[in-house]
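Engineer: Letter by letter, the chains look like this.
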Amino acid sequence: MSDVRIGVFICHCGKNIAGVINVPEVTEYAKTLPNVVYAEHNLFTCSADGLSSITRKIGEYKLSRVIVAACTPRTHEPLFRTACEAAGLNKYLFEFVNIRDQCSWVHMQEPEKATGKAKDLVRMGIAKARLLEPLEDVEIGVTPACLVIGGGVAGMSAALNLANQGFEIYLVERDKELGGLLLNLNRLFTSDSKAEEVIVPLTEKVKNHQNIKVHTSTEVKGVAGFIGNFDVTLDQKGEEKKIKVGTIIVATGAEVLKPVDQYGYGDKSNVITQLELEERLNNGVGDEQNIVMINCVGARIPERQYCSRICCMVAIKNAVLIKENDPRAKVWVLHRDLMTYGTEFEKYYQKAMEKGVRFIRYSLDKLPEIVGNNKVKAVKVYHQLMGKEIVLPCDMLVLTTPLIPHEDNQDISRMLRVSLGEHGFFLEAHLKLQPVEFATDSIYVCGCARWPASVPETISQAYAASAKAAIPLRRGYIRSEGITASVDEDKCSGCGICVLLCPYNAIESQSKDGKKLAHITTAQCKGCGTCGAACPSGAISMNHFRDEEILAQVEALVI
Amino acid sequence: MTLEDIIKETKTYYCLECGKCSSICPISRHNPSYSPRLMLEKALNGFEGDLINDQELFSCLSCYNCLLRCPADVDYPLFMQKVRALASAQGKYGVPAHSGTLQSLMRLMSNPAIEQRRLEWLSDEYRISEKADILFFVGCAPYFESVLDFKTGALDIAKDSLKILNALGIEPMVLADEKCCGHDLLWTGDVKTFRKLAEHNARIIKESGAKKIIFSCPEGYRTFKFDYPHYVDLDCELQHITEFLAENMGKGKLNFKEAKKKVTYQDPCRLGRHLGVYEQPRKLIEAIPGIELTEMEHIRDESICCGTSAWTNCDAYSKQIRTERLLEAKATGAEMLITACPKCQIHFKCAMVSKGEERGPDVEMDVMDIVNLVASALGDNGSE
Amino acid sequence: MKKSGFEPKILAFCCNWCSYAGADLAGTSRIQYAPNVRVIRVMCSGRIDPTFILRAFQVGVDGVLILGCHPGDCHYIDGNYKTARRIHMLKKMLSQLGIEDDRLRLDWVSAAEGKRFASIINDMTERIRALGPFVR
Amino acid sequence: MAVNNSVLIIGGGIAGIQSAIDLANMGFQVCLVEKSPSIGGRMAQLDKTFPTNDCAMCILAPKMIEAGRHANIKLLTYSEVLAVDGEVGNFKVSIKKKARSVDEKKCTGCGVCVEKCPWKVNNEFDLNLGQRKAIYFAFPQTVPKLPVIDREHCAYFLKGKCRACEKFCEAGAIKYDQEDEIIEVEAKAIIVAAGFDLYDPTPLREYGYGRIQNVITAMEYERLSSASGPTAGELKRPSDGKIASDIAFIQCVGSRDVRSNRYCSSVCCMYGTKEAILAYEHQPGTKSTIFYIDLRAVGKRFQEYIQRAKDEYNVTYIRSRPGNIELNHHTQNPIIWYEDTTTGETKSLEVELVILCQALIPPRDIQEMASILSIELDEYGFVKTPDGLSHPVDTTRVGILACGCVHSPKDIPDSVVQASAAAARAAEILSGGT
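Protein chains in written order, with our numbering: chain A, 1 to 559; chain B, 1 to 384; chain C, 1 to 136; chain D, 1 to 434.
I should point out that these hints are in silico values taken from the structure, not numbers from a laboratory.
Keep in mind that a hint or two might mislead.
In silico lysine to aspartate or glutamate, EDC-like type, Cα no more than 16 Å apart, as pairs [as the list claims (entries may be wrong)]:
| id | chain 1 | residue 1 | chain 2 | residue 2 |
| --- | --- | --- | --- | --- |
| 1 | A | Lys113 | C | Asp107 |
| 2 | A | Lys15 | D | Glu170 |
| 3 | B | Lys206 | B | Asp133 |
| 4 | A | Lys57 | A | Glu40 |
| 5 | B | Lys92 | B | Asp133 |
| 6 | B | Lys262 | B | Glu335 |
| 7 | B | Lys8 | A | Glu555 |
| 8 | B | Lys11 | A | Glu354 |
| 9 | C | Lys9 | A | Glu555 |
| 10 | A | Lys330 | B | Glu4 |
| 11 | A | Lys388 | B | Asp133 |
| 12 | A | Lys355 | B | Glu4 |
| 13 | B | Lys211 | B | Glu335 |
| 14 | D | Lys145 | D | Glu66 |
| 15 | A | Lys355 | B | Asp5 |
| 16 | A | Lys194 | D | Glu170 |
| 17 | D | Lys106 | A | Asp49 |
| 18 | C | Lys9 | A | Glu354 |
| 19 | D | Lys74 | D | Glu152 |
| 20 | A | Lys347 | B | Glu9 |
| 21 | D | Lys97 | D | Asp177 |
| 22 | C | Lys9 | C | Glu126 |
| 23 | A | Lys347 | D | Asp378 |
| 24 | B | Lys151 | B | Asp133 |
| 25 | B | Lys257 | B | Glu237 |
| 26 | A | Lys31 | A | Asp49 |
| 27 | A | Lys347 | D | Asp180 |
| 28 | A | Lys388 | B | Asp73 |
| 29 | A | Lys119 | A | Glu28 |
| 30 | A | Lys351 | B | Glu48 |
| 31 | D | Lys35 | D | Glu234 |
| 32 | A | Lys15 | D | Glu66 |
| 33 | B | Lys92 | B | Asp50 |
| 34 | C | Lys115 | D | Asp177 |
| 35 | D | Lys120 | D | Glu152 |
| 36 | A | Lys15 | D | Glu115 |
| 37 | D | Lys145 | A | Glu28 |
| 38 | D | Lys105 | A | Asp49 |
| 39 | A | Lys355 | B | Glu48 |
| 40 | A | Lys221 | A | Asp175 |
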């Protein structure tokens with residue numbers, strides 16, 4: 001440690017610090033501490049002259065560590081790091097000591113004690129600084145191609161957007177046709193335009209785009225490699241194909257629940273789902289005069305608690321289409337809450353009311369009942385808001401069922417090492433601010449694979465996912481801070497505790513010359529240090545927060 | 001007109017079933033089981049029978065509170081008017097007040113054979129013309145005076161209206177064969193008779209050549225303005241006397257003598273919420289020197305109804321409503337409650353005439369029509 | 001064994017994203033609290049190795065505070081849960097060692113809870129003051 | 001400043017910030033224009049966010065700092081767009097940068113000036129529930145960390161004396177004579193992320209807002225509930241500072257109503273529920289009643305959130321839209337009149353505090369903005385999308401995109417999604433596609 005040369009810069013922050021803490025005294029004290037070869041105090045260390053002074057002194061005094069005692073690292077650390085780099089000092093050899101936000105500002109009545117605390121904090125900072133090691137930010141190259149899994153409106157929109165930005169796209173669809181769920185739909189709310197008016201032109205653009213390689217009847221069989229560099233194995237009807245991509249977008253969509261054994265579905269001929277109704281409406285409606293729709297069949301129940309977001313609109317839209325086709329027809333929508341959120345949906349709901357569609361609220365404790373043997377003749381519903389039972393004549397009973405996740409979401413999540421949420425939809429990195437990202441970099445999600453969504457919402461998410469994917473693709477690399485964990489392979493016992501603990505799946509057990517070892521994909525490590533804390537054999541060190549560094553701080557607390 | 005037609009015309013299909021109407025309905029407030037929303041539900045779900053046979057179908061005051069607040073744009077008062085027509089077609093008229101005397105009177109009136117002598121009260125201290133641009137529509141005041149067993153003061157409204165108009169140098173026409181405007185019949189569903197009356201009035205008014213009609217009764221005014229156009233065509237300017245006076249006070253020779261009084265003012269539903277006349281009456285009251293106007297807690301479009309309308313379903317709840325309103329008036333410290341509708345005056349006075357524990361606390365307060373107030377304040381040179 | 005004029009030395013580990021930010025907010029809001037605590041910043045409370053805590057007591061620190069994000073808020077998904085488990089176990093061990101339970105405290109402070117941070121510090125300081133110095 | 005290959009973003013709320021960061025990270029030059037003194041927008045005013053109860057500032061601040069520091073992002077706060085010429089590929093935009101009366105280069109953000117300023121003014125960030133100085137930071141975590149002199153209330157600008165801030169500023173950053181600047185910016189594409197304003201419930205007189213002290217708006221509640229708000233997070237009701245333990249929330253105030261806005265504001269059912277949960281967390285045992293029409297909980301984990309509110313946080317939901325609120329003159333408690341729509345009975349409920357879940361409305365200056373940008377608005381005054389189905393973030397003018405609540409009310413995740421979507425569309429346009 002003798003060769004370590006530490007420079008200490010203490011900030012007055014005007015009167016913010018100097019008004020309470022005796023800054024000169026602290027500066028003098030710092031000078032007395034081992035390895036400190038220089039110390040000064042400035043009115044504002046973050047000001048232009050403050051920063052240039054740091055850079056200058058590093059040269060003059062051949063400083064190998066720099067400490068600034070000032071406001072807080074959360075806002076100013078990057079600034080001072082740049083000042084160090086300007087003088088050719090590795091930015092990880094800088095240490096920040098917080099003597100304003102956590103000292104002068106909170107002990108204004110006790111200047112002596114505040115000054116004492118400041119000394120302790122500076123001493124602790126210096127203790128850590130002695131042990132600091134230079135680190136490099138990690139840069140991993142990114143293969144300039146993107147794999148989009150799922151050829152529905154989500155996948156195609158994402159693919160097209162990225163392709164138009166000039167990137168190479170592999171679009172993989174397991175069915176023989178592109179289009180996904182929309183292929184089975186008639187008209188789309190709220191414009192009532194035909195589904196094919198959306199899907200056909202989109203499919204054409206995708207098929208004819210030079211940057212997009214479409215693989216239909218194809219499934220993703222395996223994904224190896226790590227972020228930015230994936231080796232993907234595709235399986236096209238038994239025929240394997242290997243591709244290399246840098247980013248992956250999961251757009252596998254969802255499916256509509258079949259309400260087996262509910263309200264006579266499956267055994268009564270005139271009971272169908274909204275999805276089946278779409279087909280009928282597509283081929284010109286029948287002459288049913290009394291149509292009853294029941295919403296939330298299989299949704300918002302204890303077994304499946306969630307609301308599938310779009311079903312109310314699906315029902316209302318189909319009800320409107322029936323009324324427009326035959327105004328004399330009677331359509332009742334039995335619901336539990338009408339989820340026509342926002343401007344457009346609420347307006348569409350009003351349109352339905354104008355057309356004469358009637359809405360009846362039922363509650364979970366008194367479900368509607370069907371009347372009739374091989375056909376449903378009537379539906380009995382307890383009208384919650386009238387407090388009485390109503391019998392509705394019924395020629396056709398339409399059940400509105402939720403979107404549910406695909407069974408094989410499991411396989412994909414395992415292959416990509418991304419998580420699923422409680423209901424089996426894919427789990428985003430952060431519900432509020434990272435809705436289309438996974439905790440793992442360079443893999444993204446959009447559309448109904450994530451959560452039920454309308455067509456415009458799906459397209460927005462698709463674009464959002466391609467925006468995220470475009471970042472590493474454009475840069476050509478992914479950079480992450482040098483503050484990551486590393487394994488000392490001699491110490492590692494290969495117990496695998498760290499593998500289980502890592503929230504980012506950055507650690508995996510690899511066997512190296514017969515010995516099981518923890519291997520950290522630095523690019524994937526976010527530097528939380530959970531692994532380091534748990535490693536029983538002290539093999540993992542969390543750089544910049546290494547045991548020695550923290551212990552040195554601890555020991556320096558008490559003289 | 002079928003129930004479905006009514007639903008369309010009144011935009012009942014927009015109902016969000018939110019119940020806001022009920023929670024601001026003066027009837028529901030005192031009779032918790034009365035729910036305008038439920039009436040609409042019955043219609044929307046095809047329970048026409050229940051709707052028509054519902055005793056409370058005739059409870060609605062058509063006070064317009066719900067209409068002004070409904071978030072879904074449903075015209076409940078009109079819905080009531082129309083559904084009551086369906087009901088009356090099946091002989092349902094609700095519970096007529098004063099054993100239906102007034103309704104019979106109106107129906108009789110519609111008989112062309114009848115020759116009214118309804119201008120007997122018109123002594124020569126009032127000046128009217130055979131031909132004039134302005135017509136004063138007297139309304140049913142003269143009849144009320146004789147039908148009801150307590151001093152309504154209704155007739156004085158007619159008299160004082162003329163007195164004031166004369167004071168302004170106006171000698172209006174008054175029609176000897178004017179008939180009931182039909183308001184009460186229309187609102188109890190007797191469209192047939194209403195049409196007869198409307199046609200009669202329209203005819204004689206056209207013949208009279210009147211250009212402008214002045215009303216002292218907001219019900220007549222409302223009926224001529226909003227309902228007649230659907231049944232007859234009559235092209236006249238219409239005004240409530242307070243609007244007319246507020247307009248002409250300045251120019252005319254209306255000068256008032258000092259009248260020391262603290263008064264408060266009741267916005268009648270029809271003049272206020274229906275026709276939007278809030279300012280003119282106040283302007284008029286404040287024009288009288290010495291008169292101090294102190295407002296009640298609920299005024300203008302939040303004003304509280306006098307508790308009954310169209311002489312039907314005048315029950316304990318009606319009584320509670322008007323007693324409450326009188327207490328609110330009293331609370332202002334005013335000596336006198338001024339209103340601008342003969343019906344309001346009658347109902348408030350009635351509330352004070354018939355007392356008794358079960359009808360809530362007794363209230364004593366002078367009630368007077370704005371027209372009487374203005375007339376009483378006229379200086380001598382006023383009516384020269 | 002309350003000693004007059006005894007000023008406890010307390011060590012606090014704060015995670016970078018929530019509790020450290022909360023401590024800063026106490027500063028920006030000028031909330032005054034006891035000057036007995038020295039903060040060591042780590043990226044995540046999940047980083048905190050029981051050794052750190054034991055070493056602190058070893059060198060004569062009177063009390064140790066572990067402050068992380070509220071459950072569910074962890075910037076690193078669930079680091080704070082892991083900490084909770086670890087500290088729970090450690091506390092058992094300390095009690096076996098006869099070290100008073102109050103000397104080690106785990107708590108949650110969000111980046112918006114400057115006030116909460118201050119009151120935890122004050123409370124901790126008072127408890128340790130009551131316990132007296134840690135002398136072994 | 002004339003930058004090529006750049007995107008101009010109007011609005012520095014979470015949507016604008018997200019678009020900016022995404023584009024900047026893609027390597028494009030971005031100019032982010034915000035009319036208030038700091039970025040952060042509405043989210044900065046919120047206490048916590050549903051359904052995770054993440055504290056809003058904890059998750060927002062890092063993004064604000066990132067945007068503030070990013071080499072590819074030029075921040076223009078306290079600035080307004082005056083005119084836009086040209087077309088997609090080369091828009092010419094002139095922006096007014098209002099005078100802060102503070103030298104950005106010299107100011108270190110230490111805040112001594114604010115401390116020393118003797119003049120207290122109502123703080124609009126706290127909806128005037130609290131006070132700030134005449135020279136002030138919009139809120140503690142502002143980006144950039146620069147104070148502003150509120151010239152309407154500064155004694156020096158009013159009376160020509162004081163100069164306290166100047167005297168104590170050791171950095172010598174106070175510039176009373178600073179003037180508005182006009183800045184010309186070139187942009188290939190523009191993203192409108194102007195956000196929303198909040199409906200003022202005063203016109204709905206039946207609810208007594210402004211007349212009954214203990215009837216407040218949801219945003220006022222957010223500030224009262226926020227640890228860094230005017231009451232340091234204590235739910236003191238306005239009339240007497242009593243901590244309210246019996247609260248009612250009224251949904252659809254200014255929403256789903258022909259007399260104000262007929263659309264649904266999308267987020268009120270959820271934020272109402274969140275605020276009820278927070279009330280309980282602040283003071284366990286607190287009772288909340290939420291009046292609603294349809295309980296619109298369509299997002300991920302929303303239904304579970306509602307369930308938890310019922311099971312664990314003493315929240316009751318009543319399906320009804322109250323008709324009016326009266327005042328109990330003795331207790332200062334609001335009395336809510338409503339119909340229990342399941343029984344048809346008209347009832348009243350007396351509580352200690354009523355929170356009106358106010359609607360989200362288009363920014364009050366949207367008309368002006370629309371004419372400057374020559375884009376069309378929909379019937380409600382939100383930005384119109386020509387093909388809402390296939391092009392959800394486009395506007396009626398090629399090269400101008402829109403995201404977030406300026407399109408229609410939506411929650412934070414949906415806004416963030418649209419923000420990134422707009423960034424992707426802009427990138428597409430900048431790459432020569434359309």
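Engineer: Hints first: check each against the structure and report whether it holds.
Structural biologist: Evaluated hints:
1. For a cut-off of 16 Å, the pair hint linking Lys113 (chain A) to Asp107 (chain C) is broken: about 25 Å separates their Cα positions.
2. Restraint check: the Cα-Cα separation between Lys15 (chain A) and Glu170 (chain D) comes to about 9 Å, which is no more than 16 Å; the hinted pair holds.
3. A distance of roughly 11 Å separates the Cα atoms of Lys206 (chain B) and Asp133 (chain B); the hinted pair therefore holds under the 16 Å criterion.
4. With a C-alpha separation of about 10 Å, the suggested pair Lys57 (chain A) and Glu40 (chain A) falls inside the 16 Å cut-off, and the hint holds.
5. For the proposed pair Lys92 (chain B) and Asp133 (chain B), the alpha carbon gap of about 41 Å is over 16 Å, so the pair is violated.
6. As the CA atoms of Lys262 (chain B) and Glu335 (chain B) are separated by approximately 6 Å, the hinted pair is consistent with the 16 Å bound.
7. A threshold of 16 Å between alpha carbons decides the hint, and for Lys8 (chain B) with Glu555 (chain A) the separation of about 83 Å lies outside it, so the pair is violated.
8. Between the alpha carbons of Lys11 (chain B) and Glu354 (chain A) the distance comes to roughly 8 Å, so the proposed pair stays at or under 16 Å and holds.
9. Of the supplied pair hints, the one linking Lys9 (chain C) and Glu555 (chain A) holds, its CA atoms being roughly 12 Å apart against a limit of 16 Å.
10. With a C-alpha separation of about 12 Å, the suggested pairing of Lys330 (chain A) with Glu4 (chain B) holds against the 16 Å cut-off.
11. A hinted pair counts as satisfied when its Cα atoms are at most 16 Å apart, and Lys388 (chain A) with Asp133 (chain B) does not qualify at roughly 58 Å.
12. For the hint pairing Lys355 (chain A) with Glu4 (chain B), the CA-to-CA distance comes to about 12 Å; that is within 16 Å, so the pair holds.
13. Distance hint between Lys211 (chain B) and Glu335 (chain B) is unfulfilled; the C-alpha atoms sit about 39 Å from each other, more than 16 Å.
14. For the suggested pair Lys145 (chain D) and Glu66 (chain D), the alpha carbons sit about 13 Å apart, so the restraint of at most 16 Å is met.
15. Of the pairs offered as hints, the one joining Lys355 (chain A) and Asp5 (chain B) holds, with about 13 Å between alpha carbons and a cut-off of 16 Å not exceeded.
16. A threshold of 16 Å between alpha carbons decides the hint, and for Lys194 (chain A) with Glu170 (chain D) the separation of about 68 Å lies outside it, so the pair is violated.
17. Restraint check for Lys106 (chain D) and Asp49 (chain A): satisfied, since their Cα atoms lie roughly 11 Å apart, inside the 16 Å limit.
18. For the suggested pair Lys9 (chain C) and Glu354 (chain A), the alpha carbons sit about 73 Å apart, so the restraint of at most 16 Å is broken.
19. Annotation: proposed proximity of Lys74 (chain D) to Glu152 (chain D) is violated, straight-line Cα distance about 28 Å (limit 16 Å).
20. A distance of roughly 20 Å separates the Cα atoms of Lys347 (chain A) and Glu9 (chain B); the hinted pair therefore is violated under the 16 Å criterion.
21. Distance hint between Lys97 (chain D) and Asp177 (chain D) is fulfilled; the C-alpha atoms sit about 14 Å from each other, no more than 16 Å.
22. Straight-line distance between C-alpha atoms of Lys9 (chain C) and Glu126 (chain C) comes to about 12 Å, which keeps the hinted pair within the 16 Å bound.
23. Annotation: proposed proximity of Lys347 (chain A) to Asp378 (chain D) holds, straight-line Cα distance about 12 Å (limit 16 Å).
24. At roughly 33 Å between alpha-carbon atoms, Lys151 (chain B) and Asp133 (chain B) are farther apart than 16 Å, so this suggested pair is violated.
25. Distance hint between Lys257 (chain B) and Glu237 (chain B) is unfulfilled; the C-alpha atoms sit about 31 Å from each other, more than 16 Å.
26. Taken as a hint, the Lys31 (chain A) and Asp49 (chain A) pair is broken in the structure, with Cα atoms around 22 Å apart against an allowance of 16 Å.
27. Restraint check for Lys347 (chain A) and Asp180 (chain D): the C-alpha separation of about 43 Å exceeds 16 Å, so the hint is violated.
28. Simply put, Lys388 (chain A) and Asp73 (chain B) have alpha-carbon atoms about 26 Å apart, too far for the 16 Å limit, and the pair is violated.
29. For the given pair, Lys119 (chain A) sits about 10 Å from Glu28 (chain A) by alpha-carbon distance, which is consistent with the 16 Å threshold.
30. Between the alpha carbons of Lys351 (chain A) and Glu48 (chain B) the distance comes to roughly 24 Å, so the proposed pair goes past 16 Å and is violated.
31. The straight-line distance between the Cα atoms of Lys35 (chain D) and Glu234 (chain D) is roughly 30 Å, outside the 16 Å bound, and the hint therefore fails.
32. Taken as a hint, the Lys15 (chain A) and Glu66 (chain D) pair is broken in the structure, with Cα atoms around 28 Å apart against an allowance of 16 Å.
33. Our distance criterion of 16 Å between C-alpha atoms is met by Lys92 (chain B) and Asp50 (chain B), whose separation comes to about 12 Å.
34. Taken as a hint, the Lys115 (chain C) and Asp177 (chain D) pair is broken in the structure, with Cα atoms around 39 Å apart against an allowance of 16 Å.
35. Proposed proximity of Lys120 (chain D) and Glu152 (chain D) is supported: the alpha carbons are some 12 Å apart, at most 16 Å.
36. The straight-line distance between the Cα atoms of Lys15 (chain A) and Glu115 (chain D) is roughly 11 Å, inside the 16 Å bound, and the hint therefore holds.
37. Taken as a hint, the Lys145 (chain D) and Glu28 (chain A) pair is broken in the structure, with Cα atoms around 31 Å apart against an allowance of 16 Å.
38. At roughly 12 Å between alpha-carbon atoms, Lys105 (chain D) and Asp49 (chain A) fall within 16 Å of each other, so this suggested pair holds.
39. Among the hinted pairs, Lys355 (chain A) with Glu48 (chain B) is inconsistent with the structure: their alpha-carbon atoms are about 20 Å apart, more than 16 Å.
40. This hinted pair checks out: Lys221 (chain A) and Asp175 (chain A) have alpha carbons roughly 15 Å apart, not beyond 16 Å.
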